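Enquirer: Taken in sequence, the protein lines are chains A and B.
Residues in the first sequence are numbered from 1 upward in steps of one, following full-length UniProt numbering.
Residues in the second sequence are numbered from 1 upward in steps of one, following full-length UniProt numbering.
To be clear, the hints were calculated from the coordinates, so they are not data collected in a lab.
These numbers were taken from a predicted model, which means no experiment stands behind them.
Heads up, the beta-carbon is just placed ideally off N, CA and C, and yes, glycines get one too.
Please note: incorrect hints may appear among the correct ones.
As the list claims (entries may be wrong) - For lysine-lysine, the following BS3-like pairs were computed, each having C-alpha atoms within a straight-line distance of at most 25 Å:
id : chain 1 : residue 1 : chain 2 : residue 2
1  : B       : K51       : A       : K193
2  : B       : K51       : A       : K325
3  : B       : K21       : A       : K325
4  : A       : K325      : B       : K378
5  : B       : K21       : A       : K193
6  : B       : K63       : A       : K193
7  : A       : K325      : B       : K369
To be verified - Pulled from the structure, derived: some chain B residues nowhere near chain A, Cβ distances all over 10 Å:
id : residue
8  : V56
9  : D336
10 : D354
11 : P374
12 : N392
13 : M464
14 : G489
As the list claims (entries may be wrong) - Which bits of chain A does chain B cover? Going by a derived footprint, with three or more residues having C-beta under 8 Å, they are:
id : stretch
15 : 185-198
16 : 203-214
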Amino acid sequence: MASRLVRHHLFWPLCVLAALLLFNLLYSPDFFSIVVRNGNLYGSLIDILNFGAPLMMVSIGMTLVIATGGIDLSVGSIVAISGAMACLTISKSSDQSSLPLVFGAVLASIALSLVLGLWNGALVAAARIQPIIATLILMVAGRGIAQLITSGQIITVSSDLYEYIGAGSLASLPFSIFLVAAVLIAASLLTRKTALGLFIESVGSNARASRLAGLRSNTVILSVYVFCGLCAGIAGLILSSNVSSADGNNAGLWYELDAILAVVIGGTSLSGGRFYLMGTVIGALIIQTLTTTIYMIGVPPEITLVVKAFVVLAVCLIQSESFRKSIAFRWAKRKYPAEQEAARHVS
Amino acid sequence: MTVPSPILQMTGITKAFPGVKALSNVDFRLFPGEVHALMGENGAGKSTLIKVLTGVYSIDEGKVTMEDKTISVSGPLEAQKVGISTVYQEVNLCPNLTVAENIFIGREPCKLGRIQWRRMNAEAEELLKERLNLSIDVAHPLQSYSVAIQQLVAIARALSISAKVLILDEPTSSLDQNEVKQMFAIMRKLKSEGLAILFVTHFLDQVYEMSDRLTVLRNGELEGEYLAAELPRFELVLKMIGKELKLLEELPKLSTEFKEEAGNKMITASGLGRKGAIAPFDLAIRKGEVVGLAGLLGSGRTELARLLFGADRPDEGTLTVETTGQTVKSPRHAIDQRIAFCSENRKTEGIIDDLTVRENIILALQATKGWFRPIPRKKQDEIAERYIRMLNIHPGNSEHLIKNLSGGNQQKVLLARWLLTEPELLILDEPTRGIDVGAKAEIQKLVLSLAKQGMAVLFISSEMEEVIRVSDRVAVLRDRRKVKELGGGQLTQQHIMEAMAGG
């Protein structure tokens, strides 16, 4: 029973998350406290969920791409493009809070993200370019597109309606959490209640054998990149809405790397095959908690990234089964202090 | 022959995996200057014993001594250091590096940190010539040579690490007859030089041709060690498969009676060909008929099958599935027209490593249904259970990952995958390669019973007896060309051999 628990794919990610939260609790005892203000919940845990929403969103899409044996480096750029597109549409209008306008802006952004995802998917599936190269194109070019949309400026909007996406509350909780939950549930149902998950894992594990088994692997690959683009697009909306502005340069910067890390922490292998959506979400929460922790304990800004790197290294080592085994092996083989003592007297 | 003390001795070796005891209290010894065959059915523990010996797996209990010193090998590199080298069934080399690089990889002769290419090539050339009687250009990439040569290069690599014990795991399974002869000549030469060779193969002929001594394993236990000269073939088979003697006795009965009236045509190829793969050929397969493909390795057997399945595109000729009146454009298109193709490359083109037995079985059927109409989980379990029982797949747990099954059982899972799609034409490319005697007979019987139910079968095998045993008709290939079709009374080894050899 205990060993089954340990071997569950969520065991180590959850342990790491718990350890991080525990550390925070020890460091600031009111870390877990949640207060009600104006009918909404406030607190560090809520913040982590709220600020972590875009990353979770991007990571869910990334999981499916990685499961097919691919990778999508362009998600950060799509985040920026999507936010820029929405903000541009809204900022041009005089009545920025009108429902049709915001609805149209969101729709335009999402359509654009889908097209960008389709572009990535077409390069990988039809043109057969290696995923890392194919998506690198949009990673670089996408920043340019985002700046083109914003004319190199930071576009600010003042629309209560648009702000609701990333900063609004529903049933006392941030609205963005519901968006993440909806996408997570949709992705889970789509992959586990249909045969899509099986197809994705099959193509990721052995593409040649999958083709001979009659799978249309191109369709599978195309659709995961489109889905990943969609996720990045929604993340872009959340992110820009949260700050009511679009920054083509910095929005979603390095998101692709955090997302890949979240997927790997969640237990999905970079070589493709089995994937774990829930693991990914926990992975993203670990990264967000880590960021929050670093800010909270007041690590000097100039060494933040170094600290983050070390913690990430530790997390990855704990996750690695072979590393755990070798540690356990050394531990089992260590000489007991008393024995060493005795040995010294004998010799 | 026997030298008093063995160079390698393993005693009381036990190795357990979660849920399976792969080896229990097995003894094994190896003398210098002998070829020692390790025999056993699939799952008997042959692979595990080799992996234990080469340090891929750790040992739970027991000890290994080499030249009277106890050794504990904790990795392939360490095994090489103590003088144990292995050449695996699938060649473990880098195809894109040169022959010389492959031989010296990791141990390149260096001077001031620079690799001395000229010296390395010269040494490689000398090594191949001196010890293996092989003169090839060692500066060419490995992939430009045939599998046989690649295997010899792998042996050369093993020898260059001054091996005292050489393990050959199914070295002949992908070689044709001439290449096997060449391989055996080299093995004899190495043996006379005092090397101890551990030889694993499924070919009984080769066992008796080459080995001095046999060790038989069954179900992870030692059945016994014998001198090859003192153990008749029949008894060896008995020892390998234990009580399932009945299965073997039924073998001769398998030979089919000639069918007077064949059913309707299932598929017709006329002038179908692909450059560099197979010259244009005509072939028709009827319902309820088993057509065999015979030919040496590289004669175009697999290439022909791939064209019929749509895995490769033909440059000329036409292919018609008579039941639908259409041609075949892709594997998917073939499957939709009830054609199934079990590839000879189980690992790369067959099994999906990361998936369970159940998922591997339902994959092709699910693919035809599309992603939106999933097979209900309960139905999947039923299907998996049914085929596990029907094909005697072991271990019988449908949730095991397929990569943990033995080769023969993986093959059965693949067979299950295709049978589930209820094909009208089943193409089997080397369905019994690397499979033990018992499983072989089971598969052959299955093929015949399927044909009886009206399925058309294209049966490809490099074992001529097997092809003759199951086929109504045999198409013979030579040098990527279909040269003859034999049926009825002409279907004898003699005729096939003549056609294969040509002249």
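Enquirer: Tell me the hint numbers this structure goes against, listed in increasing order.
Expert: Of the numbered hints given earlier, those the structure breaks are 1, 4, 5, 6, 7, 9, 10 and 11, listed in rising order.
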